[in-house]
Every structure is written in structure tokens, then in C-alpha cells.
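Participant: Model the full assembly from the supplied sequences, consistent with the hints where possible.
Protein sequences, first through last, are from chains A and B.
FYI, in the working numbering the residues of the first sequence are 1 to 159.
FYI, in the working numbering the residues of the second sequence are 1 to 255.
In short, the hints are calculated from the structure, not lab data.
The C-beta atom is built at its ideal place from N, Cα and C for all residues, glycine as well.
Some hints could be false.
What the hints assert, rightly or not - Covered stretches of chain B, going by a simulated chain A footprint (3 or more residues, C-beta under 8 angstroms):
| no. | region |
| --- | --- |
| 1 | 34 to 42 |
| 2 | 52 to 64 |
| 3 | 136 to 143 |
Said to hold, decoys possible - Beta-carbon label-pair distances, calculated as ranges:
| no. | chain 1 | residue 1 | chain 2 | residue 2 | range |
| --- | --- | --- | --- | --- | --- |
| 4 | A | Glu151 | B | Gly66 | 52 to 58 angstroms |
| 5 | A | Gln145 | B | Glu234 | 39 to 45 angstroms |
| 6 | B | Ser216 | A | Gln150 | 24 to 30 angstroms |
| 7 | A | Pro52 | B | Gly34 | 14 to 20 angstroms |
| 8 | B | Trp255 | A | Glu130 | 36 to 42 angstroms |
| 9 | B | Phe77 | A | Val39 | 32 to 38 angstroms |
| 10 | A | Val39 | B | Glu203 | 50 to 56 angstroms |
| 11 | B | Asp4 | A | Ser87 | 46 to 52 angstroms |
| 12 | A | Arg32 | B | Gly66 | 28 to 34 angstroms |
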Amino acid sequence: MVSEEALWKALEGVMDPEVPVLSVVDLGVIRRVAQEDTVIHVDLAPTYTGCPAMDVIQKRVEEGLAEFGPVVVHTVLDPPWTTDWMSEAGRAKLEAYGIAPPVGKASDKRSLWAVQPTVHCPRCKSQNTELISLFGSTACKSLYQCRDCQEPFDYFKCL
Amino acid sequence: MKWDTCDPKAAYVLHLADDALILGQRLSEWCGHGPILEQDIALTNISLDLIGLARQYYQYAAEIMGDGCTENDLAYFRDSRAFKNHLLVEQPNGHWGDTLARQFYFDTFHFFQLEALSNSTDERLGQIARKAIKECAYHAQYSAEWIIRLGDGTEESQAKVKASLAHFERFAGEFFVPSDVDTQAAEKGWGPAVDALRPAWLEKVNSILTLAKVPSFNESTVARTGGKAGIHSEHHGYILAEMQSLARAYPDASW
Ligand SMILES: [Zn+2]
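Facilitator: Given below as C-alpha cells:
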């Protein structure tokens, strides 16, 4: 029998393919991991419904836990994944990597509709930034530009 | 007809799925053709969200229908008459203003539809909607901002987007005309009574049109209907031809 602690530890080494500094634990997509009989069950919450990285993430989770026994990954839609589940360590890693972490909590969906958060530049920390496009290189990011250092940067948007 | 269904719940889920798939397919036509890179990426991201949502619905419909049915059978091996999407989503992309006007009407409807589906008596539909509405909020924000930018933009952009908005009014009306499948879904509490979504939709649409300095939605425009009954415009066949030809020519093809 493998302890849950050991399984979580192993998952900390499983990285997101699109944001390679974040582990699946940092990202908050692992909702449960436990061994029942010999089989390891993992509940995985997809980030975005159409995220093409989810298949790769699932495969990496299976590979990352394979040494402990057969792995079954269950996709759980409800409650839906939210950026609120991203760890503090994950947020710090994102910023160091040059991606502004989600600002505030993903609150009421209606308030998402029209309110722009103040996003600070991950490089020079200036608050003087502007939104270039709501959709960036992947569905989870928006594109911003810093008006002070002029650098464009990705913002991991609240969901 | 192959993979057509008489089960009212499967029919309702297919209607939801077909909207997401056909619009997702339409938006994917912009891939590599966007006016600038950021907007090309934005539309393809929205397309991806919609196709992902379509998959959730098709997987569920396939489970209800049983008999070995899969999501791929439903997307690739049904004919035009079996598709129950709204006429609006199959309309051609046209120019940028056309695409965004179509998207704006749909996203706004989709938001209120998903809000209602979040409280569905059907657990699975509720789960799917509670996930999708968060993504839809970003789509709705994006298309509304573009309507404002084009409407409150140059003389040319305003004239074009005004014409686009007026052109799609006749198709937007279909959202609120219940089909038999809609009515049954509303009775069972699976989904909303679509005519009841109209006031909230109209209020939101008009608030954006006001900011865009273009005329309000003309409520006297007669709605074109038929999509939800499988009677489509000629555009529909061309979409299916492009989308389905590979799967039909090589039925067991895999990546
Ligand atoms: Zn900066």
C-alpha cells in the first residue's frame, strides 16, 4: 500500500506541458489520489473544456504514478476547476516564469463579464499595463503589455 | 436515418451539441486568416472551447443512445437533417464585423442558456454547464467589446457592423421560438423555456448596442426558423462536407 503522501509527492514532479514550471499539483487539477486494492485512482479536473493539453496531462499523470501500480484517471467536471485552486507556490512560480498569476478570486460569473482586473507586469512590477487581447497563446491566458517597460506578457486569467 | 434519435433527452443534448460544433467549425475557418495574429488566436481559442463543449455533449448523448454509439458517430456520420443547430451558427463568416455580430448574438444567448442549464434537473447537463459558463463569460465579453469597438469606431466600421447586426437579427430570433424538443426539455426541467430567456438577452444586447452607438435590436424582425427541426440553409451541407469528408472516406482513421 502506497501512502497518499507519496503519491502527492510523485505528482509534484508531473509538469504541465504548456506551462512547464507548474506541476499538476500547483495547477490544482488533482482533486484526489488514492490507492484502492492495487489500483491508483486519480480524480483530474480539466482546466478548459477544449484544452488540448488535457490528454497529455492525463498521460503524464499515468506515467508519473506507474511505478506504484496500475493507474486509472477519472475526469471530474464538477465542481469545475477554478484558478482559486492554484497553489501559492504555483502563483509565485508563474510570476518568476514571466506569466502574471490570476488576480483575485474567480467570483461570480456575471462579474467576470466586463470587469478588467489590474494586472501588474511580472518583469518590472508596474501596475501601468494594458490588455492587448483577452485570448493569448492558450485559452487560459490573456495577452497584456506593460506601458512602463514596454514588454508584452501573458496573464493567467481568472476562471 | 442513422444515429437520429427519438429519445427526447438525447435529442435535446444533440441540439446543444450541434450548436457548439457547427459554430466551433465555422470559427476554425478563421485559423490562419485573422486580421492580426492576436485576433486569429482569439477566435481559434473560442472555437476550441466550443468544440470541447460539443464533445462533452456528444459523449453524453452517445451514452443515452447506447447501441455502441460514439461521439464521433454523432459528429461525423449524421446528415444535415439530423443536425438541430440554430440557423445563426451555420451562417458564413463573411467579414470580421459579420463574424463578430453573429458571435455577439450567440454568446449572449449562450450565457443565459448555460446559466439556466447550470440548474438543470439533469445532473450531467448541470455539471457541463457550470464548467462551460465560465468560459462563455470570456467569449461574451470578447464579442461585446468588439461590437463596441466597431460600432463606436470609424465611419466605415460602424456602417459595416450596423449592417452585420441587422443581417443576423432574423436568425437570432430563432433562439426564442421553442421547438418540440425545447418544450419537452423545459417541461422536464432539463433546460430553460427559451422564450423566457428573451428579456434578459434583449436587455444585455441593447446595453452593448447603446455603448456601440448603433440602433437597438429591432424586435419586429420576423424570426427565420427551421434549424432546430433540421431544416437548414444551403450553407450547412458545405460545412458538413468539409468537416465530415475525411471521417467518411476513412471510417476507422486515427491519429
Ligand atoms: Zn514592465
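Participant: Does each hint hold? Answer for all of them.
Facilitator: Tested hints:
Given a C-beta distance limit of less than 8 angstroms, the hint that chain A covers the region 34 to 42 of chain B holds, as 4 residues qualify and 3 suffice. Beta-carbon proximity to chain A at under 8 angstroms applies to 4 residues in the region 52 to 64 of chain B; the threshold of 3 is reached and the given coverage holds. Figure legend: the region 136 to 143 of chain B, annotated as covered by chain A; annotation consistent (5 residues with Cβ-Cβ distances under 8 angstroms, at least 3 required). Checked against the hint of 52 to 58 angstroms, the pair glutamate 151 of chain A and glycine 66 of chain B passes, with Cβ atoms roughly 54 angstroms apart.
A beta carbon spacing of about 43 angstroms between glutamine 145 of chain A and glutamate 234 of chain B agrees with the range 39 to 45 angstroms that was offered as a hint. As the Cβ distance of serine 216 of chain B to glutamine 150 of chain A is approximately 41 angstroms, the hint placing it in 24 to 30 angstroms is violated. Evaluation of the 14 to 20 angstroms hint for proline 52 of chain A and glycine 34 of chain B yields a pass: the beta carbon distance comes to about 19 angstroms. Remark: the range hint 36 to 42 angstroms for tryptophan 255 of chain B to glutamate 130 of chain A is upheld by a beta-carbon distance near 39 angstroms.
A beta carbon spacing of about 35 angstroms between phenylalanine 77 of chain B and valine 39 of chain A agrees with the range 32 to 38 angstroms that was offered as a hint. The hinted range of 50 to 56 angstroms is satisfied by valine 39 of chain A and glutamate 203 of chain B, whose Cβ atoms lie roughly 52 angstroms apart. With their beta carbons about 48 angstroms apart, aspartate 4 of chain B and serine 87 of chain A fall inside the hinted range of 46 to 52 angstroms. Evaluation of the 28 to 34 angstroms hint for arginine 32 of chain A and glycine 66 of chain B yields a pass: the beta carbon distance comes to about 29 angstroms.
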